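Number of protein chains: 2
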Amino acid sequence: MSLLVIGTVAFDSLETPYGRADRVIGGSGTYISWAASYFHKPVMLQSIVGGDFPEHEIEALKNRGVHTEGLEIVRDKKSFYWAGRYHDNMIARDTLVTELNVLADFNPVLPESYRNPEYVMLGNLTPEIQLSVLSQMQRRPKLVVLDTMNFWMDIALDGLKEVIRKIDVLTLNDEEARQLSGEFSLVRAAQAIHQMGPKYLIIKKGEHGALLFSEGHIFFAPALPLAQVFDPTGAGDTFAGGFIGYLARTGVLTFENMKRAVIYGSAMASYCVEEFSIDRLKTLDMGQITDRVKQFVELVRFDTDLKE
Amino acid sequence: MSLLVIGTVAFDSLETPYGRADRVIGGSGTYISWAASYFHKPVMLQSIVGGDFPEHEIEALKNRGVHTEGLEIVRDKKSFYWAGRYHDNMIARDTLVTELNVLADFNPVLPESYRNPEYVMLGNLTPEIQLSVLSQMQRRPKLVVLDTMNFWMDIALDGLKEVIRKIDVLTLNDEEARQLSGEFSLVRAAQAIHQMGPKYLIIKKGEHGALLFSEGHIFFAPALPLAQVFDPTGAGDTFAGGFIGYLARTGVLTFENMKRAVIYGSAMASYCVEEFSIDRLKTLDMGQITDRVKQFVELVRFDTDLKE
Numbered sequence: 016m017s018l019l020v021i022g023t024v025a026f027d028s029l030e031t032p033y034g035r036a037d038r039v040i041g042g043s044g045t046y047i048s049w050a051a052s053y054f055h056k057p058v059m060l061q062s063i064v065g066g067d068f069p070e071h072e073i074e075a076l077k078n079r080g081v082h083t084e085g086l087e088i089v090r091d092k093k094s095f096y097w098a099g100r101y102h103d104n105m106i107a108r109d110t111l112v113t114e115l116n117v118l119a120d121f122n123p124v125l126p127e128s129y130r131n132p133e134y135v136m137l138g139n140l141t142p143e144i145q146l147s148v149l150s151q152m153q154r155r156p157k158l159v160v161l162d163t164m165n166f167w168m169d170i171a172l173d174g175l176k177e178v179i180r181k182i183d184v185l186t187l188n189d190e191e192a193r194q195l196s197g198e199f200s201l202v203r204a205a206q207a208i209h210q211m212g213p214k215y216l217i218i219k220k221g222e223h224g225a226l227l228f229s230e231g232h233i234f235f236a237p238a239l240p241l242a243q244v245f246d247p248t249g250a251g252d253t254f255a256g257g258f259i260g261y262l263a264r265t266g267v268l269t270f271e272n273m274k275r276a277v278i279y280g281s282a283m284a285s286y287c288v289e290e291f292s293i294d295r296l297k298t299l300d301m302g303q304i305t306d307r308v309k310q311f312v313e314l315v316r317f318d319t320d321l322k323e
Numbered sequence: 016m017s018l019l020v021i022g023t024v025a026f027d028s029l030e031t032p033y034g035r036a037d038r039v040i041g042g043s044g045t046y047i048s049w050a051a052s053y054f055h056k057p058v059m060l061q062s063i064v065g066g067d068f069p070e071h072e073i074e075a076l077k078n079r080g081v082h083t084e085g086l087e088i089v090r091d092k093k094s095f096y097w098a099g100r101y102h103d104n105m106i107a108r109d110t111l112v113t114e115l116n117v118l119a120d121f122n123p124v125l126p127e128s129y130r131n132p133e134y135v136m137l138g139n140l141t142p143e144i145q146l147s148v149l150s151q152m153q154r155r156p157k158l159v160v161l162d163t164m165n166f167w168m169d170i171a172l173d174g175l176k177e178v179i180r181k182i183d184v185l186t187l188n189d190e191e192a193r194q195l196s197g198e199f200s201l202v203r204a205a206q207a208i209h210q211m212g213p214k215y216l217i218i219k220k221g222e223h224g225a226l227l228f229s230e231g232h233i234f235f236a237p238a239l240p241l242a243q244v245f246d247p248t249g250a251g252d253t254f255a256g257g258f259i260g261y262l263a264r265t266g267v268l269t270f271e272n273m274k275r276a277v278i279y280g281s282a283m284a285s286y287c288v289e290e291f292s293i294d295r296l297k298t299l300d301m302g303q304i305t306d307r308v309k310q311f312v313e314l315v316r317f318d319t320d321l322k323e
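Respectively, the protein sequence lines represent chains A and B. Counting in the numbering used here, the first sequence runs from 16 upward without gaps. Counting in the numbering used here, the second sequence runs from 16 upward without gaps.
Next up, chain A with everything else stripped away, as it sits in the complex:
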């Protein structure tokens, strides 16, 4: 199996009620690659950074089995940078700084070795770039997962709809699902979004869990109730990385296996938020991941008194 990931590799500065972190490693491509690497190798990462991006962070990715042939380094420019401050509820956040830097000129040309992946994770980027990546495939991948956000619905809805038509799984949050569909009920939103193309839809609800929809079936994965969320940055990307990583590892695209992939993605996200940046993702092992999956099993397990 081969897994292609495209997304940002960047710096973040964060303020949360629990502390601050200055110019730490961030970016959708980073979180997705780290999370996916626990399930499947290699991960082929396509992204762009400036000359300021630490060499040892690229080495750390390589040591996790992440191919970086498609990670363009523009020596005389700076990496994408985002700074934000989270509100007390750790959900709402204000963007303080967005410096596109190298991302302004990102026009990914996939290396030859990246052009025939079975699994493709299109991290949150302009629909134009996401379409360009898909157009470079030698054949239709087995599965394409797309993450996006309300920003592209506001400024590039036509392009977004075009890419949504070409993919298999769309992930977005509940407010974005409502915006994209014009429906308040998530059940109706899912019906409307299925009509736009994707067979599978994952609606992420943060601390309220995630819903997987496909062909009239609904699966609900709770979020683990945590005593403390330290830094929510990257939780959605980490979820996506765990999700597609698990699918690439197992190679089975049934609804039953998608459910397991959602649980593994949720387990990865629940670790991500425990520390700033990718710090917690660097120290995980498979035992810890399966421990958390077992916690999910316990969290929702009940025996009915009904006869089958």
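One copy or two, it doesn't matter: identical chains are merged, so the pair holds either way.
Listed next, the in silico DSS-like pairs over lysine-lysine satisfying Cα-Cα at most 30 Å (straight line):
#: 1; residue 1: Lys214; residue 2: Lys309
#: 2; residue 1: Lys220; residue 2: Lys309
#: 3; residue 1: Lys56; residue 2: Lys309
#: 4; residue 1: Lys176; residue 2: Lys220
#: 5; residue 1: Lys309; residue 2: Lys297
#: 6; residue 1: Lys77; residue 2: Lys92
#: 7; residue 1: Lys181; residue 2: Lys220
#: 8; residue 1: Lys92; residue 2: Lys297
#: 9; residue 1: Lys214; residue 2: Lys181
#: 10; residue 1: Lys157; residue 2: Lys220
#: 11; residue 1: Lys77; residue 2: Lys93
What the hints contain is simulated information worked out from the structure, not anything from laboratory work. Predicted, not measured: the structure shown is a model, and the values here were computed from it.
Guided by the hints, dock chain B onto chain A, whose structure is given.
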């Protein structure tokens, strides 16, 4: 087993995005009694109404096995009346009218036959009334469940804390749990609330489900994703009625059985919101209830690939 319910029996006027209902039957005691009656008979209802309350609605309760000896009728006064308008999201609502009427003088004196219940459901009322009811018990009931709201935290916190010390199960919503505990994390809120007395805590999250906490254990019950919520009024009371009704029916107070009770309560609430007032609760049967419980099983069911 005997089950005592105290709460309001009242009229509601409602405006939702789907229509309006004028002076329909409402009140926490009404919803709780209707829901509980599907699981356990008799339900002993303690409440107060005016001379304007329809006789046939009282007859309908009696026909469901609800005892109304403790339902005081004040012929020359009017019943409690509440009017509200729901926002488009069907969660936020504005109160348009609150007329206490008979409720202003409600000072319940339990009939002799009500004074030795095994199960007690204290619906949302002033802490003073809730305490008075508990003081009239001939002996400590097997289980006391309390529902309350932020309003009492604002104006009667000391009394509320006094009643909370005397009960077994507290139900409130997530914002109320945060207000009562001063903790944002629901895990920490639950720890703080357990310290106040109740062994069990149920945090209701509306469309996001409910959490049951006890002694370090957490159970998550999802809400059924619905294509349309017609009228959310009474959903929390209906949940409570199904919850305590199921416990009174089964008589088992283990965490495992509490989990099932939460699922049955959730199933009842999911029906309640399908129509205005108690209309849907009047037409249910046990087959429909167990069908919905099976939907809950399906909604969260997944098989891990882990060895036990």
